[in-house]
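Chains as they are written, first to last, in numbering that gives the first Met the number 0: chain A, 0 to 327; chain B, 0 to 167; chain C, 0 to 415.
Derived by calculation from the structure, the hints in this document are not laboratory data. Ideal Cβ positions, reconstructed from N, Cα and C, are used throughout, including at glycine. Possibly wrong hints are sitting among the right ones.
Said to hold, decoys possible - Pair ranges (Cβ atoms, derived):
no.	chain 1	residue 1	chain 2	residue 2	range
1	C	Leu70	A	Ala14	51 to 61 angstroms
2	A	Trp18	C	Thr78	50 to 60 angstroms
3	C	Ile316	A	Met28	22 to 32 angstroms
4	C	Met347	A	Val10	54 to 64 angstroms
5	A	Trp18	C	Met347	48 to 58 angstroms
6	C	Asp315	A	Ser240	46 to 56 angstroms
7	B	Lys30	A	Lys277	30 to 40 angstroms
8	B	Lys81	A	Thr13	52 to 62 angstroms
9	C	Glu225	B	Lys30	26 to 36 angstroms
10	A	Ile3	B	Gly27	51 to 61 angstroms
11	B	Lys30	C	Tyr85	53 to 63 angstroms
Here are the chains, one letter per residue:
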Amino acid sequence: MREIKILAIVVFFTAVTYWGVEPYAHSQMHPHVAPADFSFKEIEPLHVNGNVDNGKALVEANCITCHSIKKLGFEAPLSAEDSAASYGVVPPDLSHAGVIYDKNYLAGFLKDPVGATKLSHKFGDAKPYAMPSFSFLSEQEIADIVAYFGTIVSTKVSNKVVFEEACGRCHSMKYDALKAQTPSSFMKSYLGAEAPDLSMMIRSKKAEYLNTFINEPLKMVEGIAMPRVGLTEVSQNQVISYMQSVGDRKKAERESLGLKLIGFMAIFTLIAYLWKVKIWKEVEYSASFSPFLLLNSYYFFRQKNSLILRLFCSFFYLKFSLKLQINC
Amino acid sequence: METCQKRRDFIGMALTGVTVVGGACALGAMKKSWDPLPSVQSAGFVTVDISTIEEGEARSFAWRGKPIFVLRKSTDTPKNEKRDVVIGEKVFTLVIGLCTHLGCIPSYDAKKKSFICACHGGVFDASGVNTFGPPPRPLDIPPFKIAGETLVLGEEGEEYKKLIAKKA
Amino acid sequence: MAEIRKSEGFIDWLDQRLAVKAFMRVMMTEYWIPKNINFLWAMGVVLVVLFGVLLVTGLLLLMYYKPDINLAFDSVNYTIMQEVEYGWLWRHMHGVAASATFLIIYIHLFTGIYYGSYKKGREMIWITGMVLFIAFSAEAFSGYMLPWGQMSYWAAQVITNLFSGIPLIGDDVVIWIRGDYVVADATLTRFFMLHVVLLPLMIIVVIAVHFYSLRFPHVNNQDSVEFDFDAESKKFLEGDKKASKVVPFWPVFLSKDFFVVGFFMTIFFALVCYQFDFAMDPINFEPANSMKTPAHIYPEWYFLWNYEVLRGFFFDIGGMAAMDIGLIAFVIANIVFMILPFLDRNPMNTAPAHKRPVFKYWFWLLVCDMIVLTVYGKLPPTGVNAWVGFVAAVIFLGLFIALPFITKHEAKGDAQ
Numbered sequence: 000m001r002e003i004k005i006l007a008i009v010v011f012f013t014a015v016t017y018w019g020v021e022p023y024a025h026s027q028m029h030p031h032v033a034p035a036d037f038s039f040k041e042i043e044p045l046h047v048n049g050n051v052d053n054g055k056a057l058v059e060a061n062c063i064t065c066h067s068i069k070k071l072g073f074e075a076p077l078s079a080e081d082s083a084a085s086y087g088v089v090p091p092d093l094s095h096a097g098v099i100y101d102k103n104y105l106a107g108f109l110k111d112p113v114g115a116t117k118l119s120h121k122f123g124d125a126k127p128y129a130m131p132s133f134s135f136l137s138e139q140e141i142a143d144i145v146a147y148f149g150t151i152v153s154t155k156v157s158n159k160v161v162f163e164e165a166c167g168r169c170h171s172m173k174y175d176a177l178k179a180q181t182p183s184s185f186m187k188s189y190l191g192a193e194a195p196d197l198s199m200m201i202r203s204k205k206a207e208y209l210n211t212f213i214n215e216p217l218k219m220v221e222g223i224a225m226p227r228v229g230l231t232e233v234s235q236n237q238v239i240s241y242m243q244s245v246g247d248r249k250k251a252e253r254e255s256l257g258l259k260l261i262g263f264m265a266i267f268t269l270i271a272y273l274w275k276v277k278i279w280k281e282v283e284y285s286a287s288f289s290p291f292l293l294l295n296s297y298y299f300f301r302q303k304n305s306l307i308l309r310l311f312c313s314f315f316y317l318k319f320s321l322k323l324q325i326n327c
Numbered sequence: 000m001e002t003c004q005k006r007r008d009f010i011g012m013a014l015t016g017v018t019v020v021g022g023a024c025a026l027g028a029m030k031k032s033w034d035p036l037p038s039v040q041s042a043g044f045v046t047v048d049i050s051t052i053e054e055g056e057a058r059s060f061a062w063r064g065k066p067i068f069v070l071r072k073s074t075d076t077p078k079n080e081k082r083d084v085v086i087g088e089k090v091f092t093l094v095i096g097l098c099t100h101l102g103c104i105p106s107y108d109a110k111k112k113s114f115i116c117a118c119h120g121g122v123f124d125a126s127g128v129n130t131f132g133p134p135p136r137p138l139d140i141p142p143f144k145i146a147g148e149t150l151v152l153g154e155e156g157e158e159y160k161k162l163i164a165k166k167a
Numbered sequence: 000m001a002e003i004r005k006s007e008g009f010i011d012w013l014d015q016r017l018a019v020k021a022f023m024r025v026m027m028t029e030y031w032i033p034k035n036i037n038f039l040w041a042m043g044v045v046l047v048v049l050f051g052v053l054l055v056t057g058l059l060l061l062m063y064y065k066p067d068i069n070l071a072f073d074s075v076n077y078t079i080m081q082e083v084e085y086g087w088l089w090r091h092m093h094g095v096a097a098s099a100t101f102l103i104i105y106i107h108l109f110t111g112i113y114y115g116s117y118k119k120g121r122e123m124i125w126i127t128g129m130v131l132f133i134a135f136s137a138e139a140f141s142g143y144m145l146p147w148g149q150m151s152y153w154a155a156q157v158i159t160n161l162f163s164g165i166p167l168i169g170d171d172v173v174i175w176i177r178g179d180y181v182v183a184d185a186t187l188t189r190f191f192m193l194h195v196v197l198l199p200l201m202i203i204v205v206i207a208v209h210f211y212s213l214r215f216p217h218v219n220n221q222d223s224v225e226f227d228f229d230a231e232s233k234k235f236l237e238g239d240k241k242a243s244k245v246v247p248f249w250p251v252f253l254s255k256d257f258f259v260v261g262f263f264m265t266i267f268f269a270l271v272c273y274q275f276d277f278a279m280d281p282i283n284f285e286p287a288n289s290m291k292t293p294a295h296i297y298p299e300w301y302f303l304w305n306y307e308v309l310r311g312f313f314f315d316i317g318g319m320a321a322m323d324i325g326l327i328a329f330v331i332a333n334i335v336f337m338i339l340p341f342l343d344r345n346p347m348n349t350a351p352a353h354k355r356p357v358f359k360y361w362f363w364l365l366v367c368d369m370i371v372l373t374v375y376g377k378l379p380p381t382g383v384n385a386w387v388g389f390v391a392a393v394i395f396l397g398l399f400i401a402l403p404f405i406t407k408h409e410a411k412g413d414a415q
């Protein structure tokens, strides 16, 4: 019994320390923020249905002068180097733009790129944004463009392609041999900071943080240079899954092997306990329900050990180690 | 036997002495292996162009692996005779961007005209003088030499020597 | 020269040349341990197992790790973690085992203080144990630098910076330790040398001395009473095992240790695979950037109480700079445990804490204070946190200043 009490004290102080140093401290360092908002509330939503044919004409007249649409065979007019030199950044390919970005966000972006991306602290009259505003187009024409984008590709987009189109023009993914489309020397002068490589970002920031961050970077880091890109919830999850597959490829193996390792050690512990009991039986007095109870109980109180107690303890420890297995 | 013992003792002491001297030399040589390499010691010179820095702008350069802040003071930024680097009409703050408390990099807040260190809340004014929190002394000034509108960091120019003299 | 006869089997052949039978008797089957102990006595063996885990996983990591600032991060996070078969397992085990080692060291340390196992002939066990604590601290610090993440770099930068506090030669000492003006490639490679060779060798030697120092005073027991080991061991060898107050190290003492180790390792693997952030801080998965300090820098949890004593003094007192006071308090905090046997002015009384009227309060206050220091060492030191840290640091120093007086008073009480 005394050993259970001692164990309880040790576990208590360890748990208090762990709580203070991990969940509590981290909650103080990273105060709670509002969850991701995929409705992009503050952007005026579209109120009209778009005409796809008109949209096609508008896109070919306005967008392909800078952007590539590889799925339609439109290559970028300038090389990556030249684009970066002219605009500061390489314009993204638009093949899947209608699918991965939120439609209302796209409309808002076309009308006011700096506002939609929340980069007014970086770009304005003094330093124009690479993407011009198309607010001179009517509401209907904007809706037409957005509708047309939605029809360019019909197959499901892979996680990697979502990443390449939404993130790849600034960010590299070294561990998947992906170089950022914009050479890093241009990034510094374009945004004032280099866009970090994202290979291990899933482990340094973790999915929960990234979910809120990608949806609105400025919410998490004051004055950050990263634009809000307007991904839909599905597409954003695809990006995070892709980051997971590059930065934490062994997660599934880790979680399945974990069960086996814990299970093995639990069995080892049980058998070790049984061996210990057998060995200590020779060196200790034990209580038993026999006529010698009185005599034995004297030694029992001296030794504070009993068969019943030992059985209870072994059951308790077995249950405890099994519990870990089940909860995982 | 007495003289034999005395000679044995003397030779014994001489042997100990020689061993100690040898050991000390060996330790000294090993100590020197830890010193920075010649390539590191000589790479300590960097020329930075500060002509394009705008008023109120703080720019960061790398020198000897450390960030160097160059802040061009605007007209309403308070001057500090003992620490300002004056080039013509322009007045600069030139400091090593490492907090003098425990070495984190503070960031410049243009609105508050202060360098603020996120690690333990230390604050330095626009001249790099510590005004609040744990930092024990102002931001250090790196050795520099003025060459036109550029600075050569690492070289101790006239102006640097004057600033050091003023502080003392 | 031993008299060599025709041997009766392999063991006898070895015994004639290496005295293996006598060795087994001395080290195992006739190494007497008191019966009156609890599972806390198993912590030493748990530490040996953890050291073994660190050594073996370390060797495997060593096969692929590259000690170069341009290669280190990727060698760990790409090659070892994602390419090498089970590489992730060795890395996770290595990191979690390092953290777990300190948890068990603290339990082991406080057990020693509680039961008075640092006195009356056991001073050398205590001192070699504290030397091991310092050696393991240096080992952990040097090891943490190796993945070359943001925390690796900035923890190294901040801690090497501390040496500039040494009067006159401080700044030069810092450059000498780093091998450069800032933490750089030269720093990484020399700490690699320390972590992989020098410190492990030192640790192994000191462990051997630590074990040796246990032999003459004998292992302590729950009631901290002395008894006649010769008489009790004689009883055991004559067959009266149940009446004897001692048991042999092998197989009796170790059988309980194996069970405790198994229990511990079950939890250990749960942490390795599912709950490892406390030991493998996410911030260290960002490559080191000498131009960008992370928003929050903190050491590993086991250094936090020390860190808080260092930064707990945040205002100047009596003309002395806050930083200097903190540095001195920090140095004292590290030495004070070492000299504990000599601060206790009641060296002949080895009663466990619950039987010592004032000491028991001293003990639990120390435990609580160190936990407060640990938690506040992690929190941002602003507002109320700074004051709590200051008070906790002062209490820590105060406790050790008070100890000689408390124990002296207790000694007078005992003498009556």
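Quick rundown of the hints versus the structure:
1. For leucine 70(C) and alanine 14(A), the hinted distance range of 51 to 61 angstroms is not satisfied, since their beta carbons lie about 40 angstroms from each other.
2. At about 35 angstroms, the CB distance of tryptophan 18(A) to threonine 78(C) disagrees with the hint of 50 to 60 angstroms.
3. Range check, isoleucine 316(C) to methionine 28(A): Cβ separation about 29 angstroms, and the 22 to 32 angstroms hint holds.
4. Evaluation of the 54 to 64 angstroms hint for methionine 347(C) and valine 10(A) yields a failure: the beta carbon distance comes to about 34 angstroms.
5. Evaluation of the 48 to 58 angstroms hint for tryptophan 18(A) and methionine 347(C) yields a failure: the beta carbon distance comes to about 40 angstroms.
6. A C-beta distance of roughly 53 angstroms is found between aspartate 315(C) and serine 240(A), which places it inside the suggested range of 46 to 56 angstroms.
7. Between lysine 30(B) and lysine 277(A), the C-beta spacing of about 58 angstroms breaks the proposed range 30 to 40 angstroms.
8. Between lysine 81(B) and threonine 13(A) the Cβ separation comes to about 53 angstroms, which falls inside the hinted range of 52 to 62 angstroms.
9. Between glutamate 225(C) and lysine 30(B) the beta carbon distance is about 48 angstroms. The supplied range of 26 to 36 angstroms is therefore violated.
10. Separation of isoleucine 3(A) from glycine 27(B) is about 59 angstroms and conforms to the stated range, judged on CB atoms against 51 to 61 angstroms.
11. Under the hint 53 to 63 angstroms, the C-beta atoms of lysine 30(B) and tyrosine 85(C), about 41 angstroms apart, miss the expected range.
Checked against the numbered hints given earlier, the structure breaks hints 1, 2, 4, 5, 7, 9 and 11 and satisfies all the rest.
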